[in-house]
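Engineer: Following the hints, complete the assembly by docking chain B onto the known chain A.
Given next are the chains, with one letter for each unit.
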Amino acid sequence: SAVISQKPSRDICQRGTSLTIQCQVDSQVTMMFWYRQQPGQSLTLIATANQGSEATYESGFVIDKFPISRPNLTFSTLTVSNMSPEDSSIYLCSVSHLRQFEYGYTFGSGTRLTVV
Amino acid sequence: DAKTTQPPSMDCAEGRAANLPCNHSTISGNEYVYWYRQIHSQGPQYIIHGLKNNETNEMASLIITEDRKSSTLILPHATLRDTAVYYCIVMGGSSNTGKLIFGQGTTLQVKP
Numbered sequence: 017s018a019v020i021s022q023k024p025s026r027d028i029c030q031r032g033t034s035l036t037i038q039c040q041v042d043s044q045v046t047m048m049f050w051y052r053q054q055p056g057q058s059l060t061l062i063a064t065a066n067q068g069s070e071a072t073y074e075s076g077f078v079i080d081k082f083p084i085s086r087p088n089l090t091f092s093t094l095t096v097s098n099m100s101p102e103d104s105s106i107y108l109c110s111v112s113h114l115r116q117f118e119y120g121y122t123f124g125s126g127t128r129l130t131v132v
Numbered sequence: 112d113a114k115t116t117q118p119p120s121m122d123c124a125e126g127r128a129a130n131l132p133c134n135h136s137t138i139s140g141n142e143y144v145y146w147y148r149q150i151h152s153q154g155p156q157y158i159i160h161g162l163k164n165n166e167t168n169e170m171a172s173l174i175i176t177e178d179r180k181s182s183t184l185i186l187p188h189a190t191l192r193d194t195a196v197y198y199c200i201v202m203g204g205s206s207n208t209g210k211l212i213f214g215q216g217t218t219l220q221v222k223p
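Heads up: the sequence lines are chains A and B, in that order. Per my numbering, the first sequence starts with residue 17, numbered consecutively. Per my numbering, the second sequence starts with residue 112, numbered consecutively.
Bound conformation, chain A alone (with noise of 0.2 Å):
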């Protein structure tokens, strides 16, 4: 399976401001998603990350305020903008090959990011 670097790890950050978080694959991967952990919740999927084209959103979340970037097969970043307290969660990347059914999924560890 793949292995995913994301950066930075945690973060703490002041209200309005944007941050950058970066998924480094160690393979080519065929689709890319981001999602959102709030604080005691499940995990919510905030968008799938495509190569060379705009990102895919789920309803509830939207380019502006998460531009996602994409610019080959094996990188992406989320952008989290104009920030507010709210926004405070862990945000995942995740991949998957080809192969999906075979080898499921792969997560990178996390973004903690904390907005005060």
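Worth flagging that the hints you see were computed from the coordinates, not collected in a lab. Remember, predicted model here, so these are calculated numbers, not experimental data. Relax, there's no trap hidden among the hints.
Just a few of them, taken from the derived set where beta-carbon distance is under 7 Å, the chain B residues facing chain A:
| no. | residue |
| --- | --- |
| 1 | GLY154 |
| 2 | PRO155 |
| 3 | TYR157 |
| 4 | GLY209 |
| 5 | LYS210 |
| 6 | LEU211 |
| 7 | PHE213 |
| 8 | GLN215 |
Ideal Cβ positions, reconstructed from N, Cα and C, are used throughout, including at glycine.
Structural biologist: Just chain B now, kept in the frame of chain A:
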């Protein structure tokens, strides 16, 4: 993708088998049953998945009923390190979006 129902929490004694149930009565066609777990402060970890037959790997066994409407994840000899939230997810089939959608999962507490 079909919806799943899991008990919110379960306890298990260390060294005993942990049996985690999942109901997926609306599962259809070629949808797979996946199990992931999330140990505190870590990203989710893939455990096992299956379609129709029972499956076993080094981590766990997956028992799927004949009608495929429910399944059970079995950790044969639970240890304290198996304390985690376990997620049962149904995905795939003809309308496969490739998206993994998490429910609330079962919090398994392994006790000494």
